[in-house]
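Trainee: Each chain, written out:
Protein chains: 2
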Amino acid sequence: MTDSPHTALSLNNIRNTLIRLEETIIFSVIERSQFCQNLIVYQKDGLGDGLHNQSLLDFMLHECERSHALVRRYTSPDEYPFFDDLPEPFLPDRPDTEHPLHPNTVNINKDLYQIYQQDMVPFICPPGDDDQYGSTAVNDVALLQTLSKRIHYGKFVAESKYQQQPEQFDPLIAAQDRAALMKAITNAEVEANVLRRVLRKAQTYAREFQGTPGDFKVDPQQVHDLYLRWIIPMNKEVQVEYLCQRV
Amino acid sequence: MTDSPHTALSLNNIRNTLIRLEETIIFSVIERSQFCQNLIVYQKDGLGDGLHNQSLLDFMLHECERSHALVRRYTSPDEYPFFDDLPEPFLPDRPDTEHPLHPNTVNINKDLYQIYQQDMVPFICPPGDDDQYGSTAVNDVALLQTLSKRIHYGKFVAESKYQQQPEQFDPLIAAQDRAALMKAITNAEVEANVLRRVLRKAQTYAREFQGTPGDFKVDPQQVHDLYLRWIIPMNKEVQVEYLCQRV
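So the sequences go chain by chain: A and B. The numbering used here puts the first residue of the first sequence at 1300, with every later residue one more than the last. The numbering used here puts the first residue of the second sequence at 1300, with every later residue one more than the last.
Hints are computed from structural coordinates only; laboratory data are not their basis. What you are looking at is a predicted structure, and each value in this text was computed from that prediction instead of being measured. You can trust all of the hints, since none of them are fake.
Calculated pairs, DSS-like style, for lysine-lysine (alpha carbon to alpha carbon, straight line, at most 30 Å):
hint : chain 1 : residue 1 : chain 2 : residue 2
1    : A       : K1535     : A       : K1448
2    : A       : K1516     : B       : K1535
3    : B       : K1516     : A       : K1448
Construct the entire structure; sequences and hints are all you get.
Mentor: Here it is, written out as structure tokens:
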């Protein structure tokens, strides 16, 4: 496989973006996990009925997406919203926007939103309630948006892989053979490298300076497992779904 | 000086909060500085007249504060807005909210907002324009809010110092003697400790894993200098102004 280093779809450029997003994700996990699970933040009307049957997180994520939609965040090919009732941008489209992807409707943020609240928060945050609901939701929004970007970057990865070997992918796409596509886009060595690197980064960035030497703010193995269990599989799911729409 | 370890105003608790905020600030500086200065983000109508004589950052910070005000962010004694035309919360006040501060109107966010754009961004970000305006403004909002929290935490510091030695402060407050108050709240040893610790943390958290060993994402000395030039002085300014209103 050869890379053309000067295009948005070069695997080198894509990998550099994904590598830099690891820092953003790790910092964001460390920030969220300083607060307890605070599950009331995820309950409809958990903070009273002023939010009209929304959770605090629903409200804050929705408001954030509404304002960002107005300044055209979701016209960018690497940004995908969690809500589908957002306003049109009031800034005009940028004339120079690159659209390197095949037209597609892949967006797995509804799954991500549910998995985040049900599985990821209990996995990375200490149990209980520390009353820091606003900070919790603010950090949730940042972490969710970063996870979504990382996961949907699978579209760029898939498009790049496709362009390098269209003759390998075309019959699998024609047959809508998801299992074979999953096999074709899987590179076990790359995944192992990602996991090793994420673990090493987390061991550095999560280092605790107060308290017992060797303490961590969040267990680096948990950051590793977050990638193993959810981020990498969901990224690959996006790749397969994207390719299935590449007809 | 003795600390009562179980109150919101114990100097120990306050210092632990400030120490933990160092991580949040350092992560946030690293995140912002991955993008160029992108000064167009701070220009009125820099992105066209759709924003009605606001900069992109004006718009995004204002919208963020509007939605956070609705869920009572700014009723918390450690949160201060940059805009003064925010809506009333539609969540009721929490019955258990602690109000450990003397009533006051100290808010130096207008200064912070200006200094941030004029001085801090050019100080921490590479010059030029990389077209990442949305990410730039999103990171600006997060960093500004953290800086504001850290700086206005001076109110808690000042109240705690006052309660330990009211007889030392009362005559200075009565005379509105800002220079003497500044001297009374200054602890050179504590400041030197903060600066040493921030440098050490930045040397760890800003470590670069790609490229040349020993590289940093942002120069740790610059994070140190950010504290030295702006964060510590503005925190102390808040302390003095708070005490001047403590009559």
